[in-house]
Each structure stands twice: as C-alpha cells, then as structure tokens.
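Engineer: Use the sequences and the hints to build the structure in full.
Just so you know, the protein sequences line up as chains S and C, in that order.
Residues in the first sequence are numbered from 35 upward in steps of one, following this note's numbering.
Residues in the second sequence are numbered from 305 upward in steps of one, following this note's numbering.
What the hints contain is simulated information worked out from the structure, not anything from laboratory work.
Honestly, I wouldn't trust all of these hints.
[What the hints assert, rightly or not] Taking lysine to aspartate or glutamate pairs in the EDC-like style, the calculated list, with each CA pair at most 20 Å apart, reads: (1) LYS314(C) x GLU358(C); (2) LYS355(C) x GLU118(S); (3) LYS314(C) x GLU326(C); (4) LYS314(C) x GLU371(C); (5) LYS355(C) x GLU319(C); (6) LYS355(C) x ASP113(S).
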Amino acid sequence: MVNFNDAERAEELSRRRARALPVLAILFIAQQVTYFTGSGAGQRTVDHVHIAAWLVLSLVILLALATGGGWIYPRRVRDLANDEATRAHRADAFNFAFLATMAAAVVLYAIDLFEPMAGREAIHLMMTVGIATALLRFGMLERRALRDA
Amino acid sequence: MPERLSNRIKERRAELGLTQAELAERVGVTRKTVNTVENSVFTPSTILALKLAEALDLNVEQLFWIEE
Numbered sequence: 035m036v037n038f039n040d041a042e043r044a045e046e047l048s049r050r051r052a053r054a055l056p057v058l059a060i061l062f063i064a065q066q067v068t069y070f071t072g073s074g075a076g077q078r079t080v081d082h083v084h085i086a087a088w089l090v091l092s093l094v095i096l097l098a099l100a101t102g103g104g105w106i107y108p109r110r111v112r113d114l115a116n117d118e119a120t121r122a123h124r125a126d127a128f129n130f131a132f133l134a135t136m137a138a139a140v141v142l143y144a145i146d147l148f149e150p151m152a153g154r155e156a157i158h159l160m161m162t163v164g165i166a167t168a169l170l171r172f173g174m175l176e177r178r179a180l181r182d183a
Numbered sequence: 305m306p307e308r309l310s311n312r313i314k315e316r317r318a319e320l321g322l323t324q325a326e327l328a329e330r331v332g333v334t335r336k337t338v339n340t341v342e343n344s345v346f347t348p349s350t351i352l353a354l355k356l357a358e359a360l361d362l363n364v365e366q367l368f369w370i371e372e
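Structural biologist: Here it is, written out as structure tokens:
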C-alpha cells in the first residue's frame, strides 16, 4: 500500500510528463529543422555551440526517457510514477524508436550512394529520428492511458 | 485473431465502493495503470494481476479471463 500523498504526486508527475512529451518532441524537431536549413553544420564557433546545444539536449532527453524524468520529485514518487504500465509504454516507445532509427539509416545509406553525406550529419539525423520517435510514441501512449483516468 | 484479456475490475470496484485511485493505492500503482488494465488497454503482469485480485477479494480467474 502506498502513501496517498505520494500517489497524488505520482499522478501529477504522470500528467505533467504526458503533457510535456509532445511539446518537447516538437521543440526538438524544430531545433533540428533550423540546424539543417541554416548553416548549422559549418565550422564557425556559433555552429559548434549549436551542435553542443543539440548534443546536450539529446542527452538530457535520452536520460529523461530512460529514467522517467521528474528528478525534482522524491524517489518513492518517481518509482510509483514509473510503474508497470509506464515501463511497458517506455519499452514500446524504445522499440518504435529503434525501428525508426534503422529505417532512417537505410534511407540515409541509399541517399549517400547518390549524394555523399558527412558521417556526423548522418548520425545527427538518425539520433533525431530515434529520439523524436521515442518522445512522440511515449507521449501518445501516456496520454491515451490517462484519457479516462 | 489476437487473444484479449477481459476483466471485471470495474464491476467489482463498484461493488466494494472503491475508486480507481483507492484501488491503485492498495496495489501500489498509479491510477493510470488501474485505468489501462480496467479498460483492457494494458495486460498486467502476473504479480499485478494477483495483487489486484487480492485487493478486490477475488481469485485471479474470477477477475480475469481470456476473451473467446
């Protein structure tokens, strides 16, 4: 049996996370669009800052996805918010993300036959596809689970 | 045709006068998980199925069955 206050806070964390995931996915994708449509892949200092920002954001999102986020909450609240259904949703999201990343790799490999691409850009694109897919899928499953709750 | 796990959690909850939140609290999960199990969206683990059955004072076979 869990503490009622912890249950309420875990519920709050779940709802906040479900709301934040799609927004984060859109912001993440938008950042990549500005990177690839601008001169983000250049060698200027500003380009390196742009790449570093993307890398840090990617790592933070991956960490949040892997651990469930909500780091400001006590551990027992986080454990409760990452219960069985949430872990299943996360596993499903990672599964989807893996397939999307492999599909992106196949497409990039084919494109590279006709138009050579830098390795760093290819990795950047594959990571973007994988992370955005995981965010969207996890968010969709969490929102659906909370719909009638 | 894929098999589907049906349950009578909602009916039993109503009989005992429990809310989803109260049942969730008893079994140590969130209300979201109870909701998804109740609506057959999520298939629970054996451990959770046993905990739910115990909290609702039923055998697991009385609470869950495979839809024909």
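Engineer: Hint by hint, say whether it matches the structure.
Structural biologist: Cross-check of the supplied hints:
no., hint, verdict
1, LYS314(C) x GLU358(C), "holds (15 Å)"
2, LYS355(C) x GLU118(S), "holds (13 Å)"
3, LYS314(C) x GLU326(C), "holds (13 Å)"
4, LYS314(C) x GLU371(C), "holds (16 Å)"
5, LYS355(C) x GLU319(C), "holds (18 Å)"
6, LYS355(C) x ASP113(S), "holds (17 Å)"
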